[in-house]
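Novice: Each chain is listed here by its residues.
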Amino acid sequence: MAILLFFLFAALAVGSVLGMIISRNQAYSALFLVLAFACLGGLYGLLGAPFMAVVQIIIYAGAIMVLFIFVIMMINLGEGISPEKKKWTIAAAVFMGLILLAEIVFAIKGAPAVPMIGQEMAGTSPIEIGRLLFTKYLYPFEITSILIIAALVGAVVLVKKRDGE
Amino acid sequence: MNSFGATVPLLLIVGGALLVFLLEAFLKKENKNYLAYVSLFALIGCGILSAKAWNAGRSYFDGMLRLDNPALFLTFLFLIAVAFVILIGMKYISMQDANHGEFYGLLLLALSGLMIMVSSTNLIVIFLGLEVLSVSSYALAGLKRKDDKSSESAIKYFLMGSFASAFLVFGMAILFGTAQTLDISGLIAFFKTGPDNQVLSLVGFGLVLVGLAFKIAIVPFHMWAPDVYEGAPTPVTAFFSVGPKAAGFAVLIRLLAPYWNAGFGSAKLFAFLWALAALTTLVGSLIALRQKNIKRMLAYSSIANGGYMLIAVLAGDGTALLFFLTTYVFMSIGAFGSLIALTGNGREYNELEDFAGIGFKYPWIGAIFAVFLLSLAGFPPTGGFLAKFYVFVGAVRQGLTSLVLIAVLASLISVYYYLRIVVYMYMREPEREVSIELENPALYLVLFLSLYGVLQLGIFPGNVLYLIKQAVSALF
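Listed in order, the protein sequences are those of chains A and B. Numbering follows our numbering, in which position 147 of the first sequence is assigned residue number 147; successive positions increment by one, without gaps. Numbering follows our numbering, in which position 136 of the second sequence is assigned residue number 136; successive positions increment by one, without gaps.
Hints listed in this document are in silico derivations from the structure and should not be mistaken for laboratory results. It is possible that some hints are incorrect.
Stretches of chain B that chain A covers, calculated by requiring three or more beta carbons in the stretch to come under 8 Å of a beta carbon on chain A [said to hold, decoys possible]:
1. 52 to 64
2. 101 to 109
3. 125 to 133
4. 143 to 156
Below are the BS3-like pairs computed for lysine-lysine, each with C-alpha atoms no more than 27 Å apart in a straight line [as the list claims (entries may be wrong)]:
5. B:Lys-149 - A:Lys-160
6. B:Lys-146 - B:Lys-32
7. B:Lys-91 - B:Lys-52
8. A:Lys-160 - B:Lys-146
9. B:Lys-29 - B:Lys-149
10. B:Lys-91 - B:Lys-32
11. B:Lys-156 - B:Lys-361
12. A:Lys-160 - B:Lys-292
13. B:Lys-146 - B:Lys-156
14. A:Lys-160 - B:Lys-28
15. B:Lys-361 - B:Lys-268
16. B:Lys-292 - B:Lys-156
17. B:Lys-91 - B:Lys-292
18. A:Lys-160 - B:Lys-156
19. B:Lys-149 - B:Lys-295
20. B:Lys-149 - B:Lys-32
21. B:Lys-292 - B:Lys-192
22. B:Lys-361 - A:Lys-160
23. A:Lys-85 - B:Lys-156
24. A:Lys-160 - B:Lys-32
Some chain A residues near chain B, calculated using beta-carbon distances under 10 Å [stated by the list, open to error]:
25. Leu-133
26. Thr-135
27. Lys-136
28. Tyr-137
29. Glu-142
30. Leu-147
31. Ile-149
32. Ala-155
33. Val-159
34. Lys-160
Note that the structure is a prediction, hence the values are computed from the model and not measured. No residue lacks a Cβ here, since even glycine has one placed at the ideal position from N, Cα and C.
Bound conformation, chain A alone:
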């Protein structure tokens, strides 16, 4: 069952990433990326990291992608990239692709012989992470709330309506 799900998620992830690259409309690309992130979340779940899976879906597929789509709809990029710039883009893409390829080769070389699917890893359950957050890491957790207040107030200060407008 797990293996079946794994291949389903893997195929969907690869397919949606391909769709993201190929589609011409940026909004479609962004939506495909949401799907890809969701599939990755499923893969994390299968690898025995439920917390990572949930965070992946809530933060990446949820919050960050909503922001992406907002920006795309607001600035509405119509034009493609100019031909001279395209050359550079392709060169950079090839370079980055080679680096990623090398990384994958190394990763496969170092991978364990037994597949990890369906095994529970120690210390990754949401319960344990929650307990750590409220015991050992309570102080950083509370500071984070101060940080969020500062960010909220800062954002409001910067965009608040000017006097007399």
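For this one, chain A is given, so just place chain B on it according to the hints.
Specialist: Then chain B, alone, in the frame of chain A:
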């Protein structure tokens, strides 16, 4: 000693900030000054509580929050600095169309970030404190919303700051992966035993240092500083020049002083930071020579002063560093305060030409400003002289003679641009019309107190040095 009391000074400041935000919504525009008084009360309360905690060594949250003497000393310094900034800002923000109660609240939040940074030895906590500080600072830089330069300053600070934070977090992640701990003492022990992943852990450590260097504007990571300092409202610039810098250097010396004799990789990092210190003092002083805008010039001067502080870190000399920071708080806030004294309604006079003849037109402001400039240049009997002297002596004792020679050279160069302002104030005929707002008692109080501080530290530094020695003995 594990006690909840350790959290109270911090809670007081955060509570004060929240109260200010709350009151801001209900107060009428004419009564915004009350917010400043509320903030000052929070600062005074925090100061009294911190004074009581001196030598008590309280800690809480499993030692993640540790009110040791160096942390308390720096907290004091920050409290003084923020109180000064609030006082010099009260009139300014209403004159320069930045009259928002959020100024005080954000300053208090930034202060809480500073306090968090210096009172912990855990890199996660230090990072979060730095972020609280930075996020409040970005908003503070953009407080003059109708002014394009201020907005530019906020955006630039935000982008560069986020970039630096990314470096810092990435480095910390690598360090955690190799050392399995983010506590400074644990990291030092790890580096002593000769780790398995030598290269990787050094890369992580290097990234953490680069992130910190960004925040304290060490050359070549200083590019953002002049624009941000120039665009931000002047009281905020005064805060930027002392607060983040002092906290950053405090973290650096906690991290590096025990590391220098920890073996593994320290020689390479030492050489790297040696070069940065030499570059920072020289580049800061040389570029400041060409500045026509006083605020920009003071920004470069602040970069150059960062170089001297880095020398103290390299020498592992906590006493010299803390003394330098103390003096720097008074002279830097004094210098920016004098700039604020020369502002009119909706107008700021920051160009060198504006200063021609000021010394005779406004003799008191001119004379006080001249003292701060002389102190920054390092003339006796001001505090600036002794501060540099202690740093250089400490460094020579550690065998850093060539670095000290470079720094002395840089400080000689810096004399030129500091004195140029004095020359303009006293030996040039005024060419431009300068009309300034003279009724600003809070500002004059700060100028007087800073002047007193600079002279006290220069002539009778004994009391402060005694406190600093008590603080530093707990540092290592």
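Novice: Determine for every hint whether it applies to the structure shown.
Specialist: For each hint, the structure was consulted:
With 4 residues having a beta carbon nearer than 8 Å to a beta carbon of chain A, the segment 52 to 64 of chain B meets the requirement of three or more and the stated coverage holds. Counting residues of the segment 101 to 109 of chain B whose CB falls under 8 Å from any CB of chain A gives 4; the rule of at least 3 is met. Counting residues of the segment 125 to 133 of chain B whose C-beta lies closer than 8 Å to any C-beta of chain A gives 5; at least three are required, and the coverage claim holds. Under the rule that three or more residues need a Cβ within less than 8 Å of chain A, the assignment of the segment 143 to 156 of chain B holds, with 4 such residues.
At roughly 18 Å between alpha-carbon atoms, Lys-149 (chain B) and Lys-160 (chain A) fall within 27 Å of each other, so this suggested pair holds. Between Lys-146 (chain B) and Lys-32 (chain B) the CA atoms are separated by roughly 20 Å; this keeps the pair inside 27 Å, and the hint holds. The hinted pair formed by Lys-91 (chain B) and Lys-52 (chain B) fails the criterion: a straight-line CA distance of about 33 Å is larger than 27 Å. Between Lys-160 (chain A) and Lys-146 (chain B) the CA atoms are separated by roughly 12 Å; this keeps the pair inside 27 Å, and the hint holds.
Using a Cα cut-off of 27 Å, the hinted pair Lys-29 (chain B) and Lys-149 (chain B) holds, with the two alpha carbons roughly 25 Å apart. A hinted pair counts as satisfied when its Cα atoms are at most 27 Å apart, and Lys-91 (chain B) with Lys-32 (chain B) qualifies at roughly 11 Å. Distance restraint check for Lys-156 (chain B) and Lys-361 (chain B): the Cα-Cα separation of roughly 37 Å exceeds the 27 Å cut-off, and the hinted pair is therefore not satisfied. A distance of roughly 34 Å separates the Cα atoms of Lys-160 (chain A) and Lys-292 (chain B); the hinted pair therefore is violated under the 27 Å criterion.
Proximity of Lys-146 (chain B) to Lys-156 (chain B) is assessed by CA-CA distance (about 17 Å); at most 27 Å being required, the pair is judged to hold. A distance of roughly 17 Å separates the Cα atoms of Lys-160 (chain A) and Lys-28 (chain B); the hinted pair therefore holds under the 27 Å criterion. Simply put, Lys-361 (chain B) and Lys-268 (chain B) have alpha-carbon atoms about 54 Å apart, too far for the 27 Å limit, and the pair is violated. With a CA separation close to 21 Å, the supplied pair Lys-292 (chain B) and Lys-156 (chain B) stays within the 27 Å bound.
For the suggested pair Lys-91 (chain B) and Lys-292 (chain B), the alpha carbons sit about 26 Å apart, so the restraint of at most 27 Å is met. The straight-line distance between the Cα atoms of Lys-160 (chain A) and Lys-156 (chain B) is roughly 20 Å, inside the 27 Å bound, and the hint therefore holds. With a C-alpha separation of about 13 Å, the suggested pairing of Lys-149 (chain B) with Lys-295 (chain B) holds against the 27 Å cut-off. Simply put, Lys-149 (chain B) and Lys-32 (chain B) have alpha-carbon atoms about 25 Å apart, close enough for the 27 Å limit, and the pair holds.
A distance of roughly 49 Å separates the Cα atoms of Lys-292 (chain B) and Lys-192 (chain B); the hinted pair therefore is violated under the 27 Å criterion. Pair hint Lys-361 (chain B) plus Lys-160 (chain A) does not hold up; C-alpha atoms about 40 Å apart against a cutoff of 27 Å. A threshold of 27 Å between alpha carbons decides the hint, and for Lys-85 (chain A) with Lys-156 (chain B) the separation of about 26 Å falls inside it, so the pair holds. For the suggested pair Lys-160 (chain A) and Lys-32 (chain B), the alpha carbons sit about 17 Å apart, so the restraint of at most 27 Å is met.
Violation of the interface hint for Leu-133 (chain A) is found here, the shortest Cβ-Cβ separation to chain B being roughly 12 Å, above the 10 Å cut-off. Evaluation of the Thr-135 (chain A) hint against chain B yields a held restraint, the C-beta minimum of about 9 Å falling below 10 Å. Annotation: Lys-136 (chain A) was flagged as interfacial toward chain B, and the flag holds, the nearest CB pair being 7 Å apart, inside 10 Å. At a threshold of 10 Å, the smallest CB-CB gap from Tyr-137 (chain A) to chain B is about 8 Å, leaving the interface hint in force.
The beta carbon of Glu-142 (chain A) comes within 9 Å of a beta carbon in chain B, closer than 10 Å, and the hint placing it at the interface holds. Annotation: interface hint on Leu-147 (chain A) holds; nearest CB of chain B at approximately 5 Å, less than 10 Å. This hint holds: Ile-149 (chain A) has a C-beta 7 Å from the nearest C-beta of chain B, less than the 10 Å allowed. Hint status for Ala-155 (chain A): holds, given a least beta-carbon distance of 8 Å to chain B, under 10 Å.
With its C-beta approaching chain B no nearer than about 9 Å, Val-159 (chain A) sits inside the 10 Å limit, and its interface hint holds. A cut of 10 Å between beta carbons decides the hint on Lys-160 (chain A): the least distance to chain B is about 8 Å, and the hint holds.
Hint check: violations occur at hints 7, 11, 12, 15, 21, 22 and 25; the rest are consistent with the structure.
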